[in-house]
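A.B. asks: These are the residues of each chain, in order.
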Amino acid sequence: MSEFREKTSIVDARVPEGPLADKWVEHKNHVRLVSPGNKRRIDVIVVGTGLAGASAAASLAEMGYNVKSFCFQDSPRRAHSIAAQGGINAAKNYQNDGDSTYRLFYDTIKGGDYRSREANVYRLAEVSASIIDQCVAQGVPFARDYGGLLDNRSFGGVQVSRTFYARGQTGQQLLLGAYSAMSRMIAKGGIKMYNRHEMLDVVLVEGKARGIIARNLQTGEIERHSAHAVVLATGGYGNVFFLSTNAMGSNVTAAWKAHKKGALFANPCFTQIHPTCIPVSGDHQSKLTLMSESLRNDGRIWVPKKKGDTRKPIDIPEEERDYYLERRYPAFGNLVPRDVASRAAKERCDAGYGVGASKMAVYLDFKDAINRMGEDVVASKYGNLFQMYEKITDENPYKTPMRIYPAVHYTMGGLWVDYNLMSNVEGLFVLGEANFSDHGANRLGASALMQGLADGYFVLPYTIGDYLADDIRTGAISTQSSEFDAAEKEVKNRLHQLMNNGGTKPVDYYHKKLGKIIWEQCGMSRNAEGLKQAIADINAIREDFWKNVRVPGTEGELNQELEKAGRVADFIELGALMCQDALDRNESCGGHFREEFQTPEGEALRDDDNYAYVAAWEYQGAGMPARLHKEELHYENIKMVQRSYK
Amino acid sequence: MNLKLKIWRQKGPKDNGKMVDYPISGISPDMSFLEMMDVLNDQLVEKGDLPVAFDHDCREGICGSCSMYINGEPHGPGRGITTCQLHMRSFADGDTIHIEPWRAAAFPVIKDLVTDRSAFDRIIQAGGFISVNSGSPVDANAIPIDKHDSDRAFDAATCIGCGACVAACKNASAMLFTSAKVSHLSLLPQGQVESRDRVLAMINQMDEEGFGNCTNTGACEVECPKGISIENIARMNRQYLGAAISYSPPKATGGGD
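Chains W and X are the protein sequences, given in the same order. Be aware that the first sequence starts at 1, since it is given in the numbering used here, and climbs by one per residue. Be aware that the second sequence starts at 647, since it is given in the numbering used here, and climbs by one per residue.
Honestly, I wouldn't trust all of these hints.
[To be verified] Straight-line Cα separation of at most 30 Å, DSS-like style, residue types lysine-lysine; simulated pairs: (1) W:Lys492 to X:Lys650; (2) X:Lys650 to W:Lys505; (3) W:Lys564 to X:Lys664; (4) W:Lys564 to X:Lys693; (5) W:Lys260 to W:Lys208; (6) W:Lys547 to X:Lys664; (7) W:Lys391 to X:Lys650.
Derived from the structure by calculation, the hints contain no laboratory data. Quantities reported herein were computed from a predicted structural model and do not represent experimental measurements.
Next up, chain X with everything else stripped away, as it sits in the complex (with noise of 0.2 Å):
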């Protein structure tokens, strides 16, 4: 296959960055994306040019890292897929293919596709997670689980934190991804016990970062490598709004006796 791909340049975070061409022959269907773009990188350093720096990893979809935007779609043409899981034979001989990074406020650019998304592990350490510390927990079989709560809260909990929801989203809102830990969490019932702490902490902290608002476009699902739903976006409102209603913080208390 001959390709003529335009990716996005950027030598640093406070610098400009431009669009530039690369024409590519010699591509096998067979190649996922990123092997493509490793031959292009291989051929640059041979010329004593650049390479493109892009975040991978794994390479079979699970890590998150990738976090291509292809034609204008994240992750690529192709549903349930991220960067690394797409390939060649997606495209025709002769395609012109843009590549970006993920454009959002809150995922600054490091170097031409690589970004910043370090907002998602803020949110995270907001309150998504159960506060239990390791040592001596009950036994593992001591609170059964309905198994639609539990495969509900695995469906949820499968989210990669890859950012393909932010960057599909025209107000670049993170609910989907906030949503998908919240509901994992207050599905089972060990979560239950922070609920309203942590959807009130998880929300402040996604709106300090500077994500946007949710208008029920549904751009997010419909990208989401994993399938994620917004009915977890949902969920998360009924219960921020529940918690936002209700709730007081507990008063500090002195140290007992």
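Chain W with its partners taken away, still in its complex shape (with noise of 0.2 Å):
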């Protein structure tokens, strides 16, 4: 048996005991292994190439378990990972600015706004430095100084400088990383790779995660994989919202399946809004395009003093600009954390502050940088970005300040996981950004690429083998069961409904439909009214969709429409949980505002002895309210504090 105890509820983490420090070590120390000559009789499939994917792929084949990957894309290298701008965080303390693992917990803590695990994310800190020594191993080329070192910058919401970058493209360097240990496996015969492949259902035999279902993209077949242990390291799902930084392709429908399965969905409304995108310029417009936070390092945030200015931003005066992060936030300035840049932008547009055509965007200066360090440094620093923001919007930002506006660009909430990374699922695992556990209510920046390629690296190779360790006489599990049978006839008659429906409307009218009352409902704030209109208007999507949706085509082809409408359908129905979420959360915390609970200045307002817990709800079919398990949240390291960055 494992070391590991009993659960006591449906969302019991079994954190170990002992001290926060020592919990990791310790239970390193006692979890079951699995022989090598053993590991050759398991099977695990592991579905997205993003980073936590990647690298749980490479590491466990590495190991010598047999290994099937799965990608929607027609390479493993582009997962969306690899358009992460900014940095990856680290405790090296390598600029000697006093930076530890400690810190980087309560950074993490804090900027989470106390709604995350306090053992998950210690351990997160503490396998960072890890991180960052495996990726040089790799080849990833960091950026260094002169010395030959690697050099670091700041983001947001800290006071340290521990974040690693490859100038604007450190999320590309990472994945291409893990991407070319996946490749050096693929080799060797350890990972069998499945490129442009849909998962569309998990399939459980005796309660336990034994397989998928997925759809071939490129045949449209349908066809069985069986492992002992399935792993999701399927991404976010901010693509609820129609416009956001996410890739076309990112979904959460391999989620959302093993959600209806029994996995619990947990904080489903802690989505994080980033303070610095490009602003929306038109109908047509599919996505939006982050410009990394870095850019807060140098660039200055501000709008004019004076409502409705329509003056060019070059002609005002400084005295009649308002740097108002600066203003309202002496101590952290422009490095706020995303959730508090991101309100008080949204705060000036509404009160009528806003610049550009639409007057819903601020300006971000780097006039003031320039002049400091000349143009040339500013150049070396953030010169991809710049020159992606001149051919999105015509305008040079050496020249003029950019026009950013707060988007959707991260999901804190994902499915339920335990200390494991197991979901309340026997054998599911979740990794990367699909889980919940580590930032809370609020992502800081450079913490993404931390915690997919923490979970891929350091944590899953490692806590898997306990759950294994009961398989290794199991043998080969097979598909031709009556658990397989069913989850194939369902996912088929689900595809088949759609192809067949006879309806009028594409897919995007419902997409576009449903994310416009998203991020006016359940967006950047929120209320009770708001909320409860939003989930009655979604339901009716819903049933609007299932019977006028058109996809062109056959189901036995690569067929685009048909791979949008089955993300869509699944959206819609999350849509809703996270509305139900939002209103259940009567509090203000991180990226989650509800206009009812806020301080005298404005600020989010917290209630710890109420909701200082993670909501874990459990699917009870479409259109029903889902049910609610409370995780308590319980902090022995740290004292739960009003967030300052004043």
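Using the hints, build the complex out of the two chains.
C.D. replies: Below you can see the structure in the form of structure tokens.
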């Protein structure tokens, strides 16, 4: 038997006993191992090839497990982690500014507004340093100084420089590192790679996750794949908003199918609205583009002091500019956490001080940085970001300030997992953005890459063994069982229904409609009345969708409209759950801002007495309210205080 | 804007394709090229026609999915951009725009504008990695790396694997792609240990996939959305020559005591 104690409730995270700083080391020392000879008899499915999925697949294959890896893109190298710009945090203290594991842990808990699980966050901070070592060993070309050592920059919500970066393409370089590690194992036979495959259901046998049903997106064929454990590393659900910084294909389908099979979905309303994105330019827009938070290191955010000022920004004199973040938050200034910066921008625009054609934008100005450091230095730090901005907007940010506005960027919520990263469904593990555990109600910049790689390189490879140790004599799992039959039939029925309902409206029509509701009622600020209305509206969209959506073509071919239709169907159901969660949480914390609960200065007002819990929701059927399970959060090592960045 | 689109339509890998005309109106100059394609596809769906299949994902020029051959150029007019970063302001009202998939024997068409680029994955699998397991690597600052080398490695590592270099090349050569990865890794001390094996294996795989040879035309460098330099090809050729002349693989040995 495992050393790990029995669960006391469905949301018992089974955090190991002992002092915080010793938990992970002690746990690793006592989880069961699977011998090299036995690993060969064990299959693991990994869905998704972003930082979490690719690092997990590579690590598990190196250890000797048989890994089957799935991605919907044409190559694992294209997963959306590739688009992360700014950097990755690690408590290396290379800059000698007093950084430590404890400080990274503390900043992350505080940044998350005290709604994350203490032991998980400490572990994240603990393994962060190893991630940098691992990536450098793989050949990731992080920025270096002239002595040949690694360089760091600072990010929002912290007072140290602990962010490692590779120009504005850190995610790309980290993902290519993990992809190369995967490629090596594909060549060695340790990983069987399935490109252009989408998971459409998880298969449970005797209550354990034992496989998936996947659609080959190139041929339309429905396939059965079995394994001893299933790992979901399928990313976040920001595309529920239609417009977000996510890739077009990013979706919630795998996680949502698992949820419908019993996996609890935790804190779905905790979404992150990133403060520095290029503003929406028109109705045609298909996605939003992020400008890295690192720009806030040297850029200053302002709006005119005069309402509806239509002068060009360079014609507005210094004394008529309101650097509102520096004014409101003198200690952190432009580097306040993302949720704070986003709400402050919304507040100014709603009050009539917004700029640009839409008036829904604020300035991000590099004039002072260029004067201080010179254009060359600014270009070397942010050149590719400036270039990207210019390509999209046709404006030169060296000459005129950027216009920015918040946009949906990341989702802190996700499938509930225990300390071992296993969901409440046995054998179903969830990593990276797809799980909920580490960022609480708000994620700090440069922490998503850290968490994805921590889970994949340094956590799951140890914890999954404790589960798989029971399977060394199980033998291969058959796909010829009534459970696989039933799951496959359900998947086929659903596809068939989408193809043959004789509707008239394109999928995007519904997606845009859903996105608008979620953005307005469950976006940067929420209230009970709006949320109740949103739930009713979303349920109406769901019914209309299944009656009137049109999917052309056939099931048995590459059919991108069919792919989209399946994803949007799941987003609609998720949208209702997000609103239910936001309605249940009668407090403001992190990215969740309920208008009814704020301080006199307009800051988020938490209610620790009643809401210091993880809301883990159990599916009860489409259109039905989900059932709430509460995982109470206990902080043994820090005191919960109101966040202040003033 | 009003435009005349001529788009390659091909039902499946084994079907014959042809160029089909699609007039389109009401296009905003601020739209990206792919957003213009979205508008077209929504119109096709509403009419009950099949939308044009094309690969795309991040829509910010980094995932390397999008791959349209527009008016005879990979990723269309403009330098240093992918198709998703091309905006309609680059065209004039009334223009005719030809849109085709990548054309290369090693990138067979799957449907319409979607091609199979898995040959690139197999080139990386042949050696585009450093053999290090997850677990206990040495401290990241244990090996200082000359900033110039590190920066040059980074310049090569920015390749997004889109395949524009192959599409631009009259020989459909994959030398720019392959040399970018060879250079990235061999410029770093961590990658030098395996550099001879790597260059031989990756070039061998490149040839097996059916890519053509390099004749130093330089079209790849011009069309590369990330500005990868053909200097990398020269570097790879030098390494290949050195490895091919001097190197014989070690013999397999027994299992020890």
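A.B. asks: All hints are to be evaluated individually against the structure, with a verdict given for each.
C.D. replies: Here's how the hints hold up against the structure:
no.	hint	in the structure
1	W:Lys492 to X:Lys650	violated, 39 Å
2	X:Lys650 to W:Lys505	holds, 25 Å
3	W:Lys564 to X:Lys664	holds, 26 Å
4	W:Lys564 to X:Lys693	holds, 18 Å
5	W:Lys260 to W:Lys208	holds, 14 Å
6	W:Lys547 to X:Lys664	violated, 35 Å
7	W:Lys391 to X:Lys650	holds, 24 Å
Consistency with the previously given hints fails for numbers 1, 6, ordered from lowest to highest.
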